[in-house]
Amino acid sequence: MYRIIRKEQLSTVITLFEVEAPLLARAAKPGQFLIVRALEDSERIPLTVCDFNPEKGTVTIVIQTIGASSKELCALEQGDYVCDVVGPLGRPSEFMEQPVEEVRGKSFVFLAGGLGTAPVYPQAKYLHSIGAKVDVILGAKTERLVILEKEMAGVCDNLYICTDDGSKGFKGLVTGKLEELIGSGRQYDTAVAIGPMIMMKFATLSARKFNLPIIVSMNTLMVDGTGMCGACRLTVDGQTKFACVDGPEFDGYKVDFDGAMRRLGIYRSKEMEANEAYEQAKAARDHKCRIGIGE
Amino acid sequence: MKRVPVREQDPLVRAHNFEEVSYGYNQQEALAEASRCLNCKKPMCMTACPVSVKIPLFISKIVAGDIAAAADVIAQDSSLPAICGRVCPQETQCEGSCILGKKGEPIAIGRLERFVADWSREHSLNETCNENGVPERSGAMQHECVRKEALETEQNDAAQNNCIAVDRKKVAVVGSGPSGLACASDLAKLGYDVTIYESLHKAGGVLVYGIPEFRLPKEKVVAAELENVKKLGVKIITNVVVGKTVTMNWLRENYDAIFLGQGAGLPKFSGIPGEDLNGVSSANEFLTRNNLMGAFKPGAKTPIIAGARAVVIGGGNVAMDAARTALRLGADVTIVYRRSMAELPARAEQVHHAQEEGVKFMMLMAPVEVLGNEKGWVRALRCQKMVLGEPDESGRRKPVPVEGEFVDIETDTVISALGTSPNRLISLATPELEVSKRGTIVANEELATSIPGVYAGGDAVTGAATVILAMGAGRKAAASIHQYLQPATDGGHHNIGFAETGAANRP
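Read top to bottom, the protein sequences are chains A and B. First residue of the first sequence? That's 42 in this note's numbering, and the numbers climb one at a time after it. First residue of the second sequence? That's 103 in this note's numbering, and the numbers climb one at a time after it.
Among these hints, one or two may not hold up.
[Claimed, not checked] Here are the simulated DSSO-like pairs of lysine-lysine, each with C-alpha atoms no more than 30 Å apart in a straight line:
#1 Lys304(B) with Lys282(A)
#2 Lys112(A) with Lys320(B)
#3 Lys500(B) with Lys477(B)
#4 Lys205(B) with Lys272(B)
#5 Lys304(B) with Lys70(A)
#6 Lys97(A) with Lys156(B)
#7 Lys97(A) with Lys70(A)
No wet-lab data here; the hints were simulated from the structure. As the structure is a prediction and not an experimental result, all values here were calculated from the model.
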């Protein structure tokens, strides 16, 4: 059991948890993910590591309530226990395995889409700490869905906020901002896009226009996360790869996004059923019976 | 006298539930079956058993009506009898060598082993350690269950305190499947401080994620056997992926010896076009969703899709497990296999059960492409017809394609059960650990790896095999580890990995 030592509501639908997991906290590196099970009968859900504190023995995860499983997890409170937390899984970001002196001299631009802001944070934090140049373009639908703005501002050289509706910062998509920056003469060695697959697909198309290498983090379906089931397989450069052990980060130019997005929908109908069942059960729990009160 | 038949759930009923197929023998049936044993002077059954269970001896105890004594005999050689009695391929091992099988039917050794193991569980026989750290059976052997109750209250800690051992050296076991459990049990009985690290959230390895409930009940049998292992003082820590959460170096710094029994968990895909279509999965994924995550249970939170029609590719036990699972989830199931019924590598019992339940078999079919619909979902599996040619290196007749003969089998899902290969998570993170080209860990006859103090066994070394072979390897490694950890007269270790003993020992 893994105790939640901090719960923070980042927006109405986005929750941050800091959870005790000492071995994991000591081993985690930017780019990796973990798997959690909220309760004894819960699904295993993969989540990217947002932050980790080896001294304190904690990891930070950020979850958006979408379906029954994420709602179940977000219903937990500070002081509660998460049934299972396992990781770190997957490979660390490529730059983690390159010599620091080499990485230090490079210029990175991160494109963070919505919840993708969370996994961008540890990467930017590391790169910023070693002295690399880091720009972050943070995109969200609307102002209240912008998360970790303050934290992010502290770990990059320039932070650009974009919202679809223009309620904050640049009005438009992260790709629009990227093209604007490069168009105005900004130069980058590498782009990293993390967010919904559709956003990463278009980020890759934008990067290609400028011959800018781009890394994407593939949030596929998963069960075990250790290479055992193959649910997370995707096509990269014409070959089948497992996001859990070969990734989750891949060269964006080589990823078959359409295939990956199609596979993401395999259980959609089941997920909708589960969500409905969850909402009904919750309504039944929350319902205050007034029969006989005589008002 | 004929072999005593075992009572089973009606095939038409069990095709719709996940309850165990076989009810097993009752004492009367077990006695009748046991009394057929000739008690051979040179028992071939025992020789054919990978862990050399003293079969005639335990059977004679059943005949004598002393089931507790029979359990005791089995326990000397097998750590997981309730499991082995159910899933061992007895027809090619003990029962396959039984002299009675020459003219009639061999003794039903598997069913008898299961009977003894189930009887002891139901009668609360449990192996524990006494004050001197010597393993013993509490319960019927001594006609008292006091120690067991005492242990239940204080669990592991109490068990460890009871096992104040000769030698409290620490051993880490990686993986809680059959090889890890067998190795850990033996080492705990020898008095070592043993910790098993399991990557999943539940212990048991393939016994939990792979073999379905209807062949191996999880709560009744697997959980009970795991409980017995824990009562020996073995600690099991779940959610630790060795190679990720902790490194091999960390384990080496914290333990005196290590056993690697992480199994062969990576699914193989055939590489035919269309394998990434929605509705195609590995048997590993399908079975893990169903067994580990309990997707078959009403209200389960992990989804599973069997479809109205399912095709399973492969002919091994995993293919049968997947097919019989899909059937129980409501699918009309067809197994396609590129050789004929005679070459099916699955246990005869599994094939028989699958047929009884209504699984269809299309033999001599080699899948060439998965066909999809406009939404990217599976529509059919295209297979090429085959004929049997000359025997290949495995001794089985080789399937040869028939030019231009293809069949499209319409289906909603395709489950690929083409075998598994070792997971390289540990070896990739541990360059000094020698692995073969296939990715299996290289170990010598003593099961020592290229790293001193690190031993390995089971599927991680052999590639996919059986529960009993893995268990045998776990026991063998335990013996080697014990040897390695014995204080030598010169103060050093006896056996220091095969790096020092030379490559000649390698298999």
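- CA of Lys304(B) to CA of Lys70(A), is that 30 Å or under? holds, 25 Å
- Message: What's the verdict on Lys205(B) and Lys272(B), does the C-alpha distance respect the 30 Å limit or exceed it?
- Response: violated, 51 Å
- Quickly compare the C-alpha distance for Lys500(B) and Lys477(B) to 30 Å and report which way the hint goes. violated, 37 Å
- Message: Holds or violated: Lys97(A) and Lys70(A), Cα atoms, limit 30 Å.
- Response: holds, 16 Å
- Query: Quick one, are Lys112(A) and Lys320(B) close enough, alpha carbons at most 30 Å?
  - Reply: holds, 29 Å
- For the pair supplied as a hint, Lys97(A) and Lys156(B), is the alpha-carbon distance within the 30 Å limit? violated, 53 Å
- Task: Given the hint that Lys304(B) pairs with Lys282(A), test it: the Cα-Cα distance must not exceed 30 Å.
- Result: holds, 26 Å
Of the hints listed earlier, those the structure fails to meet are numbers 3, 4 and 6, in rising order.
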